[in-house]
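Protein chains: 6
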Amino acid sequence: MTKGPEAVTALKLEQEMPLSEAMQAYFSKCDEKLGMVPNVLKAYAFNTTKLEVFAAFYNDLMLADSGLSKLERELIAVAVSAVNKCFYCLTAHGAAVRQLSGNPELGEQMVMNYRTADLEPRQRAMLDFAVLMTEDSARIGEEDRQSLRDAGFSDRDIWDIAAVASFFNMTNRMASATDMRPNPEYHGLAR
Amino acid sequence: MTKGPEAVTALKLEQEMPLSEAMQAYFSKCDEKLGMVPNVLKAYAFNTTKLEVFAAFYNDLMLADSGLSKLERELIAVAVSAVNKCFYCLTAHGAAVRQLSGNPELGEQMVMNYRTADLEPRQRAMLDFAVLMTEDSARIGEEDRQSLRDAGFSDRDIWDIAAVASFFNMTNRMASATDMRPNPEYHGLAR
Amino acid sequence: MTKGPEAVTALKLEQEMPLSEAMQAYFSKCDEKLGMVPNVLKAYAFNTTKLEVFAAFYNDLMLADSGLSKLERELIAVAVSAVNKCFYCLTAHGAAVRQLSGNPELGEQMVMNYRTADLEPRQRAMLDFAVLMTEDSARIGEEDRQSLRDAGFSDRDIWDIAAVASFFNMTNRMASATDMRPNPEYHGLAR
Amino acid sequence: MTKGPEAVTALKLEQEMPLSEAMQAYFSKCDEKLGMVPNVLKAYAFNTTKLEVFAAFYNDLMLADSGLSKLERELIAVAVSAVNKCFYCLTAHGAAVRQLSGNPELGEQMVMNYRTADLEPRQRAMLDFAVLMTEDSARIGEEDRQSLRDAGFSDRDIWDIAAVASFFNMTNRMASATDMRPNPEYHGLAR
Amino acid sequence: MTKGPEAVTALKLEQEMPLSEAMQAYFSKCDEKLGMVPNVLKAYAFNTTKLEVFAAFYNDLMLADSGLSKLERELIAVAVSAVNKCFYCLTAHGAAVRQLSGNPELGEQMVMNYRTADLEPRQRAMLDFAVLMTEDSARIGEEDRQSLRDAGFSDRDIWDIAAVASFFNMTNRMASATDMRPNPEYHGLAR
Amino acid sequence: MTKGPEAVTALKLEQEMPLSEAMQAYFSKCDEKLGMVPNVLKAYAFNTTKLEVFAAFYNDLMLADSGLSKLERELIAVAVSAVNKCFYCLTAHGAAVRQLSGNPELGEQMVMNYRTADLEPRQRAMLDFAVLMTEDSARIGEEDRQSLRDAGFSDRDIWDIAAVASFFNMTNRMASATDMRPNPEYHGLAR
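Protein chains in written order, with the working numbering: chain A, 5 to 195; chain B, 5 to 195; chain C, 5 to 195; chain D, 5 to 195; chain E, 5 to 195; chain F, 5 to 195.
Hints may be right or wrong, so weigh each one.
It does not matter which identical chain is used: a pair holds within one copy or between any two.
Unchecked claim - Straight-line alpha carbon distances no greater than 25 Å define the calculated PhoX-like cross-link-like pairs of lysine-lysine that follow:
1) K37 <-> K16
2) K54 <-> K33
3) K16 <-> K74
4) K74 <-> K37
5) K33 <-> K74
6) K54 <-> K16
7) K16 <-> K46
Honestly, the hints are just simulated from the structure, not real lab data.
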């Protein structure tokens, strides 16, 4: 409510100075490729170690080799964030879905109600599992994992689906708990 | 249901061989200090990178300097895991609460209903926030953060509370989605 | 899933031919002013009477004199539709919020989590009441109405807030039950 | 709590004077046929236009030709109102079920738990859909509409089921938000 | 669905023959005073011991000396049964509220939404506590008990409120699990 | 929070003196066999009649002849108490599961998430029914009872499952409403 123009969360935490060289380089690369440093990274920058382990975890999860495409990982990110109503993640990853898919409506559907999207059965099964993990993980049983296998996913793919859905259940809560704000640039991207 | 004696999850994933030297050393240290390698680490060991970033993230979160004691971080871990009914995390971190507190009943209360524990107002406020984050993070507002400040927490402490609560919302779901099983040694520890 | 290019809902209902003159004129006016006939009107056009009473009800609600501005009525529409995850209404009325406010981010916040918007206390109270009506109307008591009066609303304003929130609880369900699809033009409007 | 003997809601709104001739005639007809003017109509009478559009919408919905009998529409009204715990609608439409069915127990079952009623599969499917729309409309999919078709309903019938269920989700909330009180005559009707 | 005219539940259980003399006398007394043997007693009559301990428990709870009047205990019974949507208990105890209060509308309000009844603050506090116990007992804390003391209840009264609310959470579930049917005589009583 | 060393609940209620001879004998027998008088009995001891009917009801339920073994009844007790997060019942009956099964892990699984236990289908069906009764009894239908019959249970067994699940829904709420504390001896039993 009273955040200044530079604040990215509601917590008053000073950026650690200087950041490690690796993180300075990472910020520069973001600026160059995206035209901005995502606010989530600025939020973690009060502590170089926390920033480094977060960035390493995130980059492995979303960018490393996987049976899931980058778009599929972003679809999970947004469908999960919609359950948790996370303004930051819906904004940032909704933009990613629009960009990677070239389909602005698909991004909107993930934000609003993923069940309205015309998805292949494989992707619908993937999102149903991710949303079940988000809403009621304690009820998951072998039949749920089997339905993913039946939709064509390997056990390694199931791990990756679970890992992405789990991660956004973490980061959604981190963003809401700290009132993290998305970079305004996201709103107009790939509309 | 059909997991063999060595399986730690319901997913068939082979351990990467060999693990990196750092991770081999880490496993040895676990064995030495705990008498076991926690199954969560074995579960991630199908991929050295994933294991390394998970271990780095976890160790910073739970062991690095913080205004929260290690016991307080474990209290959050268990109170969050109880909402999510995560068998793995309740078992492993319930044992940690019993050990670090020297109070077996406190560990049980965290598992069963944290509201029954005779906690200082500071710790009760911390757990109320962590549980609210778990149950309904989208409703969190400045008044909730302020109630933590009023209970004596700094903004950095609030970050750490949020980070621990968020992390177990991730790992609870990872464990339930993969049917991860705790090492049996935990059950009898510090009773 | 198998809707043809012209279908606006999942129900096969033929447009009544000819529509009444009043409704033909209304459709022409929509086309002229909006560049489209909103799909919700096409959906009701299988029966002239139903279309007429729906349009009359809607236009009085959203356009007639009221202590609530048109933007405020649209804010309620979107906040309610977000609870009900209605793709049609979030798309059409999210666009209306962006247009009437000239603030694309505000439209996104209403869709994603209205609690993240920097609203005046009056508007926050209005939306809190509308969302409470949506989530748990049976719990509403005099203290909830009084909190609206305390925020500056008259009893007539309270009627209007209640009427708009109630209406979108109807139309959200109508849209979801019939899989009503928004005109694609809405997605790019006022970004 | 402090409503006078004439108040029908908790909002202080004066009846518009005079009502339009059409609405005066409608009130007279109600008095003649029912022995009372239903309080919901008195509640809307602060504004002739709102009264007229509400009455037109309602009468088309509940009385116009439809593949659903009037009793079936009232069954939906009560089953939906029971989910929303709306005292006004349960009282008024519970009485209508008792009258139209000649079966007082059926009216009670709709109020208390529609699942206890010995209904034909067609009517049970209709109420299951209406209640699903009320509780969780965002999850409705083609399989739910198909189950209505399998129970013998046409697409036009499905529209009408959806329209009645949606309408009472509106009017339940309007009644609860304004503390609308049913005419006392309803309680003893058709017992 | 396929229950014969005499069946009181969906379970095929033969009445134990003969019942103990005490229970035969109890059934005769019921017949004489109420004009019927309540079906719940017939349901337990497959086993004399179970019938005896149930009757003893029930009669002490609802009829023994208490700071709560018999009407107040019936108010709790119905408010709790409304949360659980128990057809049997709402029917039988709704009738009891109508009879003991001489106010048919009050009975209906307890069934439909107890919050609409014009109750003294003492009785409203009592029902709020009973409903909280029903919906979310794990959250009850000292502040909830204190609010009962503030409303004029002694610790013994609080025990009795808790005991009645708890009992109907048992019997509601017993009735729903076995599809127990109320005697039809209840529907028309004290209207 | 302020309970003295002897208090077993948060309510100040004096033990009735003297207890009936039967109850004195019962307490002595408990002491002799268990090494303690369970606190729930002390809690009821403010009134001999209430203690007697509670003890009679409980002993018939948990100890009388039944198609369910004593362990099965305890499994239900704990699975139900886990839904309701009742510290007293989870502690006392979790210990009973550990003792009767000789399997400490099974006791933990019932407390933490019964779905993680490797149960026979019969016992899993039994617990699924008991948990459904606890969470949403109003939805139970003939198909749920039939699934118990299909798993090998007789109608009498179904009564007993329902009776145990219902009873713990009562006693969980009684314990939470009064802040009843388990005897500390339970925590270390049969680990």
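Numbers of the earlier hints that this structure fails to satisfy, in rising order: Violated hint (a single one): 1; every other hint is consistent with the structure.
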